[in-house]
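Let the hints inform the model, and build the full structure from the sequences given.
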Amino acid sequence: MATVAEILVETLALSGLANEGGDVKIALFVPCYVDAFFPEVAIATLQLLERLGHEVVVPPQQTCCGQPMANSGDQAASAATEAHFVDTFKSYDLIVGPSGSCVHHVRLHLDACEQTPEAAHVRKSIRELIEFLHEDIKSLPPIDFKHKVGLHNGCTALRGLGHARPSERVHEPDFSKARDLLTHVGGLEIIQSDRVDECCGFGGSFCVTDEAVSSKMGQDRVADFERNGAEYIASADNSCLMHMKGIIDREKRPLKIVHIAQILNGGPFA
Amino acid sequence: MNLFNVLTDRPVDPESAAAKFIADTKHEETHDRLVWGMRMHRDEAARQIPGWEELRELASQIKEHTLTHLDQYLEQFEQNAIAHGVHVHWALDAAEHNDIVLSIFQKHNVKRVIKSKSMLQEECGMAAALETQGIEVRESDLGERIQQLAHERPSHIVVPAIHQLRTDVAALFAKNLATDEQNSDPHYLTEAMRNDARPALLHADAGMTGANFAIAETGGIVICTNEGNADIGVTVPDLQVCSIGIEKLVPRSADLGVMLRLLSRSALGTPMTQYTTHLHRPRPGTRIHFILVDNKRSDRLASPDFWHALKCIRCGACMNTCPVYRRSGGLSYQATYSGPIGVILDPGFDHTKYRELPYHSTLCGSCSEVCPVRIDIADQIYKWRRVIADEGLLPLAKRAGMAVMGETLSHTEAFHGAEAVAIKAIEQLPGVVFNNPLNPWTKHRDMPNPPKQTFHQWYQKNRGSE
Chain A
16 MATVAEILVE
26 TLALSGLANE
36 GGDVKIALFV
46 PCYVDAFFPE
56 VAIATLQLLE
66 RLGHEVVVPP
76 QQTCCGQPMA
86 NSGDQAASAA
96 TEAHFVDTFK
106 SYDLIVGPSG
116 SCVHHVRLHL
126 DACEQTPEAA
136 HVRKSIRELI
146 EFLHEDIKSL
156 PPIDFKHKVG
166 LHNGCTALRG
176 LGHARPSERV
186 HEPDFSKARD
196 LLTHVGGLEI
206 IQSDRVDECC
216 GFGGSFCVTD
226 EAVSSKMGQD
236 RVADFERNGA
246 EYIASADNSC
256 LMHMKGIIDR
266 EKRPLKIVHI
276 AQILNGGPFA
Chain B
14 MNLFNVLTDR
24 PVDPESAAAK
34 FIADTKHEET
44 HDRLVWGMRM
54 HRDEAARQIP
64 GWEELRELAS
74 QIKEHTLTHL
84 DQYLEQFEQN
94 AIAHGVHVHW
104 ALDAAEHNDI
114 VLSIFQKHNV
124 KRVIKSKSML
134 QEECGMAAAL
144 ETQGIEVRES
154 DLGERIQQLA
164 HERPSHIVVP
174 AIHQLRTDVA
184 ALFAKNLATD
194 EQNSDPHYLT
204 EAMRNDARPA
214 LLHADAGMTG
224 ANFAIAETGG
234 IVICTNEGNA
244 DIGVTVPDLQ
254 VCSIGIEKLV
264 PRSADLGVML
274 RLLSRSALGT
284 PMTQYTTHLH
294 RPRPGTRIHF
304 ILVDNKRSDR
314 LASPDFWHAL
324 KCIRCGACMN
334 TCPVYRRSGG
344 LSYQATYSGP
354 IGVILDPGFD
364 HTKYRELPYH
374 STLCGSCSEV
384 CPVRIDIADQ
394 IYKWRRVIAD
404 EGLLPLAKRA
414 GMAVMGETLS
424 HTEAFHGAEA
434 VAIKAIEQLP
444 GVVFNNPLNP
454 WTKHRDMPNP
464 PKQTFHQWYQ
474 KNRGSE
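Line by line, the protein sequences are chains A and B.
Residue numbering for the first sequence follows the working numbering, beginning at 16 and increasing consecutively.
Residue numbering for the second sequence follows the working numbering, beginning at 14 and increasing consecutively.
By construction, these hints were calculated from the structure, which means they are not laboratory data.
These numbers come from a predicted model, not from an experiment.
Certain hints may be false.
No more than 27 Å apart at the CA atoms, straight line, and that leaves these computed lysine-lysine pairs for DSSO-like [what the hints assert, rightly or not]:
hint	chain 1	residue 1	chain 2	residue 2
1	B	Lys474	B	Lys437
2	B	Lys411	B	Lys33
3	B	Lys474	A	Lys105
4	B	Lys437	A	Lys267
5	B	Lys396	B	Lys309
6	A	Lys271	B	Lys456
7	A	Lys271	B	Lys465
8	B	Lys124	B	Lys188
9	B	Lys309	A	Lys267
10	B	Lys411	B	Lys456
11	B	Lys39	A	Lys267
12	A	Lys40	B	Lys474
13	A	Lys267	A	Lys163
14	A	Lys271	A	Lys161
15	B	Lys366	B	Lys309
16	A	Lys267	B	Lys474
17	B	Lys33	A	Lys267
18	B	Lys411	B	Lys396
19	A	Lys271	B	Lys437
Derived DEER-like restraints, expressed as beta-carbon distance ranges [claimed, not checked]:
hint	chain 1	residue 1	chain 2	residue 2	range
20	B	Pro212	A	Gly244	32 to 38 Å
21	B	Gly50	A	Gly177	25 to 31 Å
22	A	Gly201	B	Gly50	25 to 31 Å
23	A	Glu70	B	Gln466	21 to 27 Å
24	B	Pro199	A	Gly282	23 to 29 Å
25	B	Ser311	A	Ser106	47 to 53 Å
26	B	Ser116	A	Asp209	52 to 58 Å
27	A	Phe190	B	Gln61	44 to 50 Å
Positions of the beta carbon are idealized from the N, C-alpha and C atoms, including for glycine.
This is the structure:
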């Protein structure tokens, strides 16, 4: 089995593919909960990739990456779903998905299924939408989103995929791929939060098995953005957003949520 | 899996305990703010050291080297300590440790012990064991003494009473030390504690400490405190007993510079602990006993996935940064060690009892990023979940749920069928079905809005002809 380092090196070698625009067929990975509850995010992702000149296919048999079961430690329950994922995407050179935690699972943790050459290929060929777009940032279509936006980096995207500098690494130069993308959007103002990369508390099945802690973390995260003047919370992870939206709706707060793909594509918003 | 244990040994329940802690808003908010403050101090202290990441890497390598040559360094340490006139004992487990302590105390007719904070002695349940033998054990660390009076475990490795408000301490001291219950001024309370502790320090028959570091090259130990309590404890009584986990070894005195630069900065954000005491040999006419304790550390060392956790220098940085720990309070872990490090250490003692701890985490990964010796804490939490599941220790409902999910999500039609059922349910069932206590999602959150159509339905409709 390839080590994590090897997977990352091979993934980075794919960087060139994005820059060639249009030459490589992209398989769009739509996470299960995005398909069911946030179709607008998948539509925005599809349209955005097409506007950038890519040929995008949507493999119809796709379901889920296996993360929910694997995160519970249940390898036996996740193996078939992971194998199905590999089978679905094995014939594509590049897989792009608008979800940090799902891409993180495939790249770093998809090892309940048999580690065939196809599995290795899928694991190294998958790209999270933000990291993919960031490599070709100058080609982004001009778009406006005249709102104050709080940026929430999901933890697996932040520390697992390297979307931004984690706040713990005090000596590294500050960077954020999502922020870079959003600065290309007209009229958009990024507001800071007090605890810049505090976890929102979603955590997969944690959100129900540890309901009280999960909800309190979400309430604190939402309050932090609201206190600092955000109108929207934006993220590359709709799972974090779904959790925070549940809290926003319950508490009837004025905040709204939006996936970064929706901002960059100018919608659809619901 | 030992079925008997599953049926008889009730697992800890950190989720319910955390829910109770959170319901007490004032405690939870103060705890979160104070503990987060320590994380911020850590960041600032790290910023002052240009080679901070290199220092972490070096510390990690020193511990890795030591642990992979632990047998040699332990023997070297023992030889040098004996040469200094220290009595050295080896304890395989907690019971053996407590028996050794008891036999030393019985031999010297010890009735009153003054001790400084030691997580290892906590781990061994030592104080309770000694007290059943009529030996009074008094904590000298302020936070630890508060916890002793409250009949609670330390809730944090470094600041044991961080979950208590000043008013809690005022009430506790009023009950035990006859202070004014209305006066929660920290200076007043600290003074009361000091006045109460002094006679105990002066009249103790023996002093006890743990060890932050044990140096193979010199046979000495190092104890780090901020109150100087350990220093009084090791200088006043004529008999000293120090409990040392075998993972506390470092090869040379020179290695201490690396460890000490990281320890207090990672813990509280201060450059050093106020007192860093080196203990090498007994003064003339006095005795020192070192007890080298295994207590499952060898088992951990033999584990390919979990041995790195032995690098831990007990700074508590992982607890301070952990968003779950900050909301839960350390006592909710119901174990010797709390926070992320506890989540990976406690199951190593009893993974049946502590099987819920690896799930008391969002796997956000911040713990791994602050750890001064670069323990892969979050990865180990993930791996412990696999051990728990492999051993058949997932709760039955969860195991069944995962099996159904796995079956559904591995078949396209079954997945779309389940989607349709879920969306229809949200659309058509009255809110009360979801907004009830049996659905943990809706206690504090609304359900997602049902979409007009799923993405694949939209795709078939709009792009189906392609």
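Which earlier hints can't be squared with this structure? Going through the list in order, the structure violates hints 9, 16, 20, 22, 24, 27 and respects the others.
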